[in-house]
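*Asks:* Chain by chain, the residues:
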Amino acid sequence: MSDSNICPQEPRILASIGDAMSKDLSRHLRECLSCQEAKALADQMRQLATRHIAAPPPDPDIIWVMAQLSKPHTPWTRETIGSIAALAASALLAVWMWPTITGYLSAIVPKSAETANTFLTSCIVAAAIAGVAFRTIRRLTGE
Amino acid sequence: MDQDSFRHFYEKTVPTLRAYVLQRCARVELADDILQEAFLRFLKSAPASLTEAQMRSYLYRTSENLIVDRWHDIQREQGIAASHAMNAVNAPAPEVINAMERAFSQLDSKQQTLVWLAYVEGFDHKEIAAAANVGIKSVRVLLFRAKQKLLGILKDMGIHPENQ
Numbered sequence: 398m399s400d401s402n403i404c405p406q407e408p409r410i411l412a413s414i415g416d417a418m419s420k421d422l423s424r425h426l427r428e429c430l431s432c433q434e435a436k437a438l439a440d441q442m443r444q445l446a447t448r449h450i451a452a453p454p455p456d457p458d459i460i461w462v463m464a465q466l467s468k469p470h471t472p473w474t475r476e477t478i479g480s481i482a483a484l485a486a487s488a489l490l491a492v493w494m495w496p497t498i499t500g501y502l503s504a505i506v507p508k509s510a511e512t513a514n515t516f517l518t519s520c521i522v523a524a525a526i527a528g529v530a531f532r533t534i535r536r537l538t539g540e
Numbered sequence: 045m046d047q048d049s050f051r052h053f054y055e056k057t058v059p060t061l062r063a064y065v066l067q068r069c070a071r072v073e074l075a076d077d078i079l080q081e082a083f084l085r086f087l088k089s090a091p092a093s094l095t096e097a098q099m100r101s102y103l104y105r106t107s108e109n110l111i112v113d114r115w116h117d118i119q120r121e122q123g124i125a126a127s128h129a130m131n132a133v134n135a136p137a138p139e140v141i142n143a144m145e146r147a148f149s150q151l152d153s154k155q156q157t158l159v160w161l162a163y164v165e166g167f168d169h170k171e172i173a174a175a176a177n178v179g180i181k182s183v184r185v186l187l188f189r190a191k192q193k194l195l196g197i198l199k200d201m202g203i204h205p206e207n208q
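Chains as they are written, first to last, in the working numbering: chain A, 398 to 540; chain B, 45 to 208.
To be clear, the hints were calculated from the coordinates, so they are not data collected in a lab.
One should not assume that every hint holds.
What the hints assert, rightly or not - Calculated lysine-lysine pairs in the DSSO-like style (CA-CA distance at most 30 Å, straight line):
hint, chain 1, residue 1, chain 2, residue 2
1, A, LYS420, B, LYS181
2, B, LYS56, A, LYS468
3, A, LYS420, B, LYS170
4, A, LYS468, B, LYS88
Starting from the given sequences, assemble the full structure and let the hints guide the process.
*Replies:* Printed below as a string of structure tokens:
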């Protein structure tokens, strides 16, 4: 250990306070004066940090509500505009692809069930648009 | 982050963070004001992708900025606090804790931050660098100096932590 620097093992010693220490680390602690000082200092400092304070801390639920009320509205960033453009493009694409999807489905669905064909096409188009919309909302809200 | 996970994180983080802010500004009311503002800024502005250690670093950094912003208030309050501190922090503090508190207050503000993050929070050097806004390469040397200064002050007071 350099005499103008702390022991490289010190962060491991400090991180292990309160937990089981490995044999290597325990041996190091027995032999290293600097780490013994650090551990003793940490023990005293932690007592200082855990002193009882009579007044309760601020209520986390109130802080939460205050934060929700004061959150700024999402500004129109390039990302917002891009996401809305992607959503509009997917809707246009769905309209443009409608005859193709219907044609493809008519080859699978019997001719007698024309209503089912229209219904299935609507479901596919709606699912695709909903998927894009869901991704857009998630990206914009950052969830 | 939803409300339940925020509450859980808050309850886990608040005791040591509050003790730190109180140590720096001496009055419970002022400390709680700073604490509340730090958590508000965290909820409004912290990126959602932070790990728990990064969230704690963010809170320490924000609290430190708020302490600096309110430095004049703190200095005025510290005069009043000399007569009130022991009522506000009303535990029957052992003699060595009082000595530790006095010794800690003699460190400069950067040293107080480094010592607290290393010896109370158990942050590694990377986390300390992020929370205290210092270069990662400087942490070891700065921490060494802060530790030696604190041990020196305690020694002058006749306190040897390793013998307690």
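*Asks:* All the hints need checking, so say for each whether the structure fits it.
*Replies:* Each hint tested on the structure:
1. About 29 Å separates the Cα atoms of LYS420/A and LYS181/B, which keeps this hinted pair within 30 Å; it holds.
2. For a cut-off of 30 Å, the pair hint linking LYS56/B to LYS468/A stands: about 24 Å separates their Cα positions.
3. Only pairs whose Cα atoms come within 30 Å are accepted, and LYS420/A paired with LYS170/B is accepted, the gap being roughly 25 Å.
4. A distance of roughly 6 Å separates the Cα atoms of LYS468/A and LYS88/B; the hinted pair therefore holds under the 30 Å criterion.
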